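Colleague: Listed here are the chains, written in short residue letters.
Number of protein chains: 2
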Amino acid sequence: MVDIATRVHNHNWKIDPIVRSLIDTDFYKLLMCQSIFRNKPETNVEFSLINRSSKVRLADLIDEGELREQLDHVRSLSLTRGESTWLRGNTFYGKRQMFRPDFMEWFEGLRLPAYHLEKRDGQYELTFEGRWPEVMLWEIPALAVLMELRSRAVLKEMGKFELQVLYARAMTRLWEKIERLRAIPELKIADFGTRRRHGFLWQDWCVQAMQEGLGAKFTGTSNCRIAMRRDIEAIGTNAHELPMIYAALANSDAELAQAPYQVLADWHEEHDGNLRVILPDTFGTEGFLKNAPDWLASWTGIRIDSGDAAAGAEIAIRWWKDRGEDPTKKLVIFSDGLDVAQIESLYTRFHGRVKVSFGWGTNLTNDFRGFVSGDRLAPFSLVCKAVSANGRPTVKLSDNPNKAMGPADEIARYKRVFGVGEQVAQEVWV
Amino acid sequence: MVDIATRVHNHNWKIDPIVRSLIDTDFYKLLMCQSIFRNKPETNVEFSLINRSSKVRLADLIDEGELREQLDHVRSLSLTRGESTWLRGNTFYGKRQMFRPDFMEWFEGLRLPAYHLEKRDGQYELTFEGRWPEVMLWEIPALAVLMELRSRAVLKEMGKFELQVLYARAMTRLWEKIERLRAIPELKIADFGTRRRHGFLWQDWCVQAMQEGLGAKFTGTSNCRIAMRRDIEAIGTNAHELPMIYAALANSDAELAQAPYQVLADWHEEHDGNLRVILPDTFGTEGFLKNAPDWLASWTGIRIDSGDAAAGAEIAIRWWKDRGEDPTKKLVIFSDGLDVAQIESLYTRFHGRVKVSFGWGTNLTNDFRGFVSGDRLAPFSLVCKAVSANGRPTVKLSDNPNKAMGPADEIARYKRVFGVGEQVAQEVWV
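Note that the protein sequences, when read in sequence, are chains A and B.
Okay, so the first sequence: first residue is 1 according to UniProt numbering, each after it adds one.
Okay, so the second sequence: first residue is 1 according to UniProt numbering, each after it adds one.
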């Protein structure tokens, strides 16, 4: 029987919205947002979309009108009562009332600020400017909208059965990965794939397949909406935007050198346990750890998000040992461009030496490589980053010079201040 | 929105019926039924289920109660008004009113006769006895019920996502076959996969995938219900039961020698064009063609259903040439245990020499090989055959001694009468 009401209701949609909830975003954005809301609420920032895969000409693929409709739809969203209840009442990382009442009240009234969109050279220039806690919430929905519109542009040429077989192939591929992961005895792995997902429904499928296929080895998802809907853990800690903007706000080289530690000092006041995870690579891991204050060695773990992942973990282990800490009690979260082979080899190398954990992103939620001609569904490297704060440019060095960003003179200054020498370049593909 | 009515309605089903229509059967059964209804309506026959894959222990896998419920459900079916209208009004093989009013009237009143079911040695003994035109209609639903109950027995142990991935794999495999078939320039191929299908819904999916993927190269399906529902050609001519039963009814060796030709003489009166297709292998192709009356060489084509397919086609080509016929105007239908590689090689060898056509069965609608442990979803060789007619045993020799059936002394007699010498054994897997 046809459900006439559903059919008629569906006709009322002007568009098929990609992002349908303000919490269809990464959990760490909300944690960081609350921290910013408390510590730097008035900072004026600019975030900008950056397509590192310049041969994917987004403005040729995606209609500007459709993009605007999707972005306008995101701006129309506000927190629903159920979402608010979940954020206020749910336990995150074992803690009740993770989100404070003043933050929740502000969040309940929030609509995302305006965007600025232009076409240039086959690409979209998409920027967001305003108060940091508002603008920063654009990052994930903006990326998800662009990624999914690009998928749709390719999919709309395909027949019904061709489409079904496309998803059949993607399901088979993911399931074969899950079967390999299942063989890893004490695996801990979470979905970090919201930002560069093929599409929302596909991410939701991937999460459920991980649940069924991995059981307790699957520790949760970074996506709040899916975590709420599927009743699983929301996962995430903090990201590069905090040290990048704190650094941009520094008034001297001395303040700049301290900025990344100030971020973590603020974090230290708010969070404990598994939320105390260092992200050391913003301005180079080696120098960051060498100059870190002693209290930081007591933190629970570290997240390795650029450079040679094994080398990064070895540096962290040496650092903990130097500071008199027991690495076997420490958490190492690998989260940079992982796929199964790398997960297996990192697990084998570090299991028993540290507590190993994985945040699996693009190769979980968008591995459509090789499925269509010209590989037009392969994931690509799209980011949305803070580019300035209170009028000053931001800088990221990373442990991979191909991920560095910022004006050349500022990069040189940061390298000097943070004592970054030679770096090994790694190909960036997501 | 939940469609409450559909949910409640679904609760009313006592079982999930496998065969839901009397025309969920092969088209050639209806053509043959009409022929039998006219020529031999009072013949008393027995059909029996034969599992040639004895290591698939059906009675251990399938609950007897469930099997009886499914078979009882088939007995409750009668032709619907829409089905009757379609059979009466549709054009088959370019002909209107293929089914005569007296046959349709009889068919509209038909319910399938009783069955006899027993368990023995881990297998089911399932037999049907009665008037030939009624009993013969049990063949396809009985096979489809057993095949699908076996699938269900394996599937019920699987998780939701494991199941989805299973079908994803099957879809991917079929689509890759279709992509290979699409590359064959003048391919003509039909679905012959009803009897040993994985399940009804899967066959329906396969047919639609063939439609989208092959376009005009896909000539139709043997399944009447799917042909009607998907508005495509119903395909099929005649089968071994006709010569087997005509032969069993013969009162002397001389009559026996003529029986297979009498079948085709009766068919000749009823049908022309593409329905005049010889099935020569029941008692050995070589002798059948050698002793055939001249009028048979004028028939449109031949179906190769056992033995070495290429050798069979070469024999037919020589025979047509010997009888002064032009083989390039003749149709050769290959239908025995085909898969893509064999279709490609038969096409390459015979295209241009004859009109090549394929009836693709089990490897189209039930290729689940290698998908579950112990290969418990792999197709197996189940048939439902006429074993006696008016109390006399039937015999089939075939071009493959592994497909021969009947009492040993009768097989010897038939071999003598039909002049069958040495035969090459071929493995039977479906």
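Hints may contain errors.
Copies of the same chain look alike in the list, so a pair counts if it fits in one copy or across any two.
[Stated by the list, open to error] Capping the alpha-carbon separation at 16 Å, the derived lysine to aspartate or glutamate pairs in EDC-like fashion look like this: (1) K188 - E64; (2) K385 - E125; (3) K160 - E212; (4) K156 - D326; (5) K330 - D253; (6) K55 - E129; (7) K160 - D204; (8) K188 - E134; (9) K415 - E83; (10) K40 - D204.
None of these hints come from the bench; they were simulated from the model.
Quick caveat: nothing in here was measured; it's all calculated off a predicted structure.
Colleague: Which numbered hints turn out to be false for this structure?
Modeller: Numbers 1, 4, 5, 6, 8, 9, 10, in rising order.
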